[in-house]
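Novice: For reference, the chains in residue letters:
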Amino acid sequence: MSRKTLVLAIVLLIVACALPFVVSNYRTFQFTLVLVYAIALLGLNILTGYNGQISLGHGAFYALGAYCTAILMDRWGVPYWATIPVAGAVCLGAGFLFGLPALRLEGLYLALATFALGVATPQLLKYHLLEKWTGGVQGIVIMKPAPPFGLPLNPDQWLYFFTLAIAAVMFILGWNLIRGRIGRALVAIRDQHIAAEAMGIHNALYKSLAFGVSAMFTGVAGALGAVAVQFVAPDSFNIFLSIVLLVGIVVGGLASISGALYGALFIQFIPNIADEISKAAPWAIFGAFMIGFVYLMPTGVAGAVRLLTARRKAP
Amino acid sequence: MDALLHQVLAGLATGGIYASLALALVMIYQATHLVNFAQGEMAMFTTYIAWSLIEAGMPYWAAFILTVLTAFMLGVLIERLIIRPVGQAPVLAVVVVFIALLLILNSVTGWIYTYTIKTFPSPFPAQPLFGNRYLSSHELGAIGITLVVLLLLYAFFRFTPLGLAMRAAAQNPESSRLVGIRVGWMLALGWGLAAAIGSIGGMMVAPIVYLDPNMMSGVLLYAFAAALVGGIDNPMGAVIGGFLVGVLENVLGAFVIGNELKLSVALVIIIGVLLVRPSGFFGRVQVSRV
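Quick note, the sequences are listed as chains A and B, same order.
Residue numbering for the first sequence is 1 to 315, as defined by our numbering.
Residue numbering for the second sequence is 1001 to 1290, as defined by our numbering.
No wet-lab data here; the hints were simulated from the structure.
Hints may be right or wrong, so weigh each one.
[Claimed, not checked] Dumping the calculated SDA-like pairs for lysine to any residue here, alpha-carbon to alpha-carbon at most 20 angstroms:
hint	chain 1	residue 1	chain 2	residue 2
1	A	K126	A	V15
2	A	K126	B	N1214
3	B	K1262	A	K144
4	A	K144	A	W76
5	B	K1262	A	V137
6	B	K1118	B	K1262
[What the hints assert, rightly or not] So, partial list: chain B residues that the calculated Cβ filter (under 10 angstroms) puts toward chain A:
hint	residue
7	V1068
8	F1072
9	M1073
10	G1087
11	Q1088
12	P1090
13	S1176
14	S1217
It should be emphasised that the depicted structure is a prediction, and the values quoted were computed from it without experimental measurement.
By construction, the Cβ of each residue, glycine as well, lies at the ideal position given by its N, Cα and C atoms.
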């Protein structure tokens, strides 16, 4: 990381820390969700952006993470912070397992299979044999955590800082993963899988690993999202959630870490704005944005920012 | 035994509808090697058009024909305006555009017609035909219409110059261009035909699942499964796959896993076929040189 990026990251962190003290509680909650989405988008970006495997079903892993946390808290009274690593581990395993058959599928076919997963998720969550744990259609209500150690924060602010801390850890993890040997291997597989194989990269292992790690990020995000919203129910994890995540990485910028943040801001705040443009058809505006980005800005916001700074540097 | 027979026949009826949508998917796949995620929403949208026409007092079959024509135009327009510019783009861009199309059609329909569920008339008489006690006349009619569509398509591709040109354009665009076929327009025609076939499927399924903007998400999944079972590049296979998936879905739903998990049947079929036999039962095995 260059000195400039480091300074930028620290400034960003300071701004993020100051944020809950200057905005309302509701806005704080919204920014908590931005951080949650950012983690999920980073996960999806590792898979789709860096490794080139298209997933239209990442909502399923988000749901899995959320349900892990909700069930652990609701049935066994596990404290919320202890559920996050469990959710991450479960999703890592599930993602790795789903990644194994996905190995044989490329491009459109993988998109198809994951699309089916995304569509089928709410039904699986409603399944009556699982109802004992999942609460069926009603879902599970969980308690909002109170700030510990007598910190002078309200619960919304505490939750925000808790999410911020985990997001920071996840981003450092993701960044370390991408810039090293594994990240280069992932990109090599995306760009030329035969050449990558010839260079001694174990394609199958790396691809299913990418699926697992990506699912883990998304699952952690789901777990944090469940704590923040205090509620999980099957119908909040429909195919549109998966689509929203895909929109996020396309808008934010494929194969870019900062893109996850831009994308998260987009999917949290644009629906509100779209609501104002047209009360009736906010999703249509979402769709128009997607097509617009594919045509006009295929590298997303992150790519545009990169382009602008590069232009300013080279006069 | 009687119950099983009933479920199998009812499965054949819904299978016919999956088959027509699967046929539409195969049409687009053959021409462009793309899987159209918005196929279901296109069918849904045109079914709403049919509904408006019938509400406005038009007789059913006139509305039916007008809807199929509108759907054809819509398909051509979508290809020309939205799909053409990303023709050479990477797969991800194309998938994103399809998903965007799905969102836009779904949302615009909800905006125009609201999300309240509507009933859609069936052109077939209410009492069962020929005094049989297994199939309602709508189910029988849906099967019949699917078969007629398949027959017409077969005749079109096999015996007309235009059908031949379309097949040529799909198989070998460069050579086709050299002999004077306008490949771009053939693709647009393929989209139009697919949209028209999809609209027939939509109008056949609407009396069963009722009309609402989200009615197609499940049907689309079964159509995907059907197209894959039959081999995604084989129209005949898609139709057989459609019937097969319809029967499987109904029988498994009724006797084995219950109705709650029906969609997961599609998921399992899709992943299973892709793993075990990616080219489907009737598809051509793709061999690529590296």
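Novice: Next, verify each hint and record whether it holds.
Specialist: To see whether the hints hold, each was checked on the structure:
Only pairs whose Cα atoms come within 20 angstroms are accepted, and K126 (chain A) paired with V15 (chain A) is rejected, the gap being roughly 41 angstroms. With a CA separation close to 18 angstroms, the supplied pair K126 (chain A) and N1214 (chain B) stays within the 20 angstroms bound. Restraint check: the Cα-Cα separation between K1262 (chain B) and K144 (chain A) comes to about 35 angstroms, which exceeds 20 angstroms; the hinted pair is violated. Under the criterion of a C-alpha separation no larger than 20 angstroms, the hint pairing K144 (chain A) with W76 (chain A) is consistent with the structure, at around 16 angstroms.
Proximity of K1262 (chain B) to V137 (chain A) is assessed by CA-CA distance (about 16 angstroms); at most 20 angstroms being required, the pair is judged to hold. For a cut-off of 20 angstroms, the pair hint linking K1118 (chain B) to K1262 (chain B) is broken: about 23 angstroms separates their Cα positions. A cut of 10 angstroms between beta carbons decides the hint on V1068 (chain B): the least distance to chain A is about 25 angstroms, and the hint is violated. Interface restraint check for F1072 (chain B): the shortest CB-CB distance to chain A comes to about 22 angstroms, outside 10 angstroms, so the restraint is violated.
Using the Cβ-Cβ criterion of 10 angstroms, the hint placing M1073 (chain B) at the interface with chain A is not satisfied: the shortest such distance is roughly 20 angstroms. Using the Cβ-Cβ criterion of 10 angstroms, the hint placing G1087 (chain B) at the interface with chain A is not satisfied: the shortest such distance is roughly 12 angstroms. For Q1088 (chain B), the interface hint is violated, the least distance from its beta-carbon to any beta-carbon of chain A being 12 angstroms, above 10 angstroms. Using the Cβ-Cβ criterion of 10 angstroms, the hint placing P1090 (chain B) at the interface with chain A is satisfied: the shortest such distance is roughly 9 angstroms.
Interface restraint check for S1176 (chain B): the shortest CB-CB distance to chain A comes to about 23 angstroms, outside 10 angstroms, so the restraint is violated. Hint status for S1217 (chain B) relative to chain A: holds, with the closest Cβ pair at about 6 angstroms, below 10 angstroms.
Hints 1, 3, 6, 7, 8, 9, 10, 11 and 13, counting from the list given before, are not met by this structure.
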